[in-house]
Amino acid sequence: MTTDAMTIPDLLSDLAGKDIKVWLEGSQLRCSAPAGALTPEFRDQLRDRKSEIIGFLNMATAAARQQPAIVPLQSLGTRTPIYAVPGHAGAVFSFSAFSKRLGDDQPFFALEPPGLDGRTEPMERVEDIAEYFADQILEFQPDGPYVIAGYCSGASTAFELAKLLGQRGADVRCMALFGPLHPSTYQALHRQILFEAKRRMGAVTHHLQKAAKQPSFAARLQYLGERLQYLRGRIRDRGNRFRPLLTHVHASNETAKADPVLARRFRLSATAITAVRRYNPTPYVGRVCIFLPNKAWLRSGAAPLRWLQAVPQAEVYYGPESCYGPLMLSEPDAPAIAELYRQSVRRGEEIS
1 MTTDAMTIPD LLSDLAGKDI KVWLEGSQLR CSAPAGALTP EFRDQLRDRK SEIIGFLNMA
61 TAAARQQPAI VPLQSLGTRT PIYAVPGHAG AVFSFSAFSK RLGDDQPFFA LEPPGLDGRT
121 EPMERVEDIA EYFADQILEF QPDGPYVIAG YCSGASTAFE LAKLLGQRGA DVRCMALFGP
181 LHPSTYQALH RQILFEAKRR MGAVTHHLQK AAKQPSFAAR LQYLGERLQY LRGRIRDRGN
241 RFRPLLTHVH ASNETAKADP VLARRFRLSA TAITAVRRYN PTPYVGRVCI FLPNKAWLRS
301 GAAPLRWLQA VPQAEVYYGP ESCYGPLMLS EPDAPAIAEL YRQSVRRGEE IS
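Under my numbering, the first residue of the sequence shown carries the number 1, and numbering increases by one thereafter.
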């Protein structure tokens with residue numbers, strides 16, 4: 001095989017076999033070789049494929065530093081990286097559509113909580129989860145700066161994480177809370193029931209509106225039938241949806257035997273809700289941006305503006321009236337929320 005046809009790993013392996021060392025020094029590619037080892041052919045390859053080699057070495061370095069909690073949704077880009085905490089189910093890919101809409105220049109890393117991988121146990125305190133994430137972020141990217149984000153009930157962990165990183169001397173440029181659910185929602189039973197009831201009514205309205213937009217009566221029936229089938233599946237898989245909300249019990253042995261992954265998610269969700277319910281946000285002086293799906297979300301039961309008690313200086317951004325709150329970071333609403341985030345970035349640049 002000629003060096004022209006070699007993959008970058010094969011080329012580097014061939015160079016190493018001749019004791020030719022290639023490494024990165026900052027953004028510069030460096031090389032050292034014994035006398036006569038660096039032939040004109042190898043020299044041409046290093047010159048002509050320099051950008052490929054640098055890209056490969058950067059990826060290898062990042063992979064070596066990769067931490068189990070950090071899930072890269074977009075690794076490249078020059079903007080301040082976002083590290084995002086998902087909701088209580090720990091679904092890191094709930095950020096996928098949103099991260100794509102932010103563009104190729106925005107690094108975006110989702111944070112997977114302990115307890116989802118089957119090897120670790122869920123944590124029952126927001127402070128412990130935040131410390132777990134902080135350790136891994138600092139190991140992965142020691143120098144900062146960062147944007148710390150939180151979605152729905154993940155806002156509490158993001159809030160504590162940003163505070164903890166700041167206390168450790170890290171450069172947290174902004175805390176971004178998307179549809180944040182305040183801990184007080186879980187601290188009183190009537191608030192939990194109110195939030196869940198309004199969420200369910202909102203879901204019914206949302207799907208009726210989507211059905212009405214279908215091109216024919218048959219298409220409307222098909223859409224509603226599919227949603228009903230999906231709902232029946234969720235009820236069958238999860239049992240009574242109000243049970244984890246009201247009692248936060250672990251998944252039954254029968255569920256665990258039938259689907260261990262579902263049981264782990266059930267347990268993680270219940271434990272995360274318990275952690276949020278115990279959490280009490282204390283004042284934070286850094287920049288905070290709160291992104292709400294729309295102004296109607298103020299009446300959702302999520303109590304998003306209660307965060308202003310701890311961060312009265314927070315900036316509040318509202319999405320369009322048509323935005324469906326529970327899926328605000330998914331399509332078709334992800335572009336609108338991404339634009340709100342870009343507005344906050346521009347405002348931050350003006351302030352600084």
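Keep in mind the hints are simulated off the structure, nothing from the lab. Warning: the hint list may mix true and false statements.
In silico DSSO-like cross-links for lysine-lysine, where the CA-CA straight-line distance does not exceed 27 Å [what the hints assert, rightly or not]: (1) Lys100 - Lys295; (2) Lys50 - Lys21; (3) Lys50 - Lys18.
**Report entry** Agreement of Lys50 and Lys21 with the hint, judged by alpha carbon distance not exceeding 27 Å
**Finding:** Given that 27 Å is the threshold and the Cα spacing comes to 14 Å, the pair holds.
Query raised in the report: Between Lys50 and Lys18, is the straight-line Cα distance small enough, at 27 Å or below?
Result: Satisfied, since the Cα-Cα distance of roughly 19 Å is no more than 27 Å.
Query raised in the report: Holds or violated: are the alpha carbons of Lys100 and Lys295 at most 27 Å from each other?
Result: Measuring from Cα to Cα gives roughly 25 Å; hence the hint holds.
This entry satisfies every hint, going by the numbered hints stated previously.
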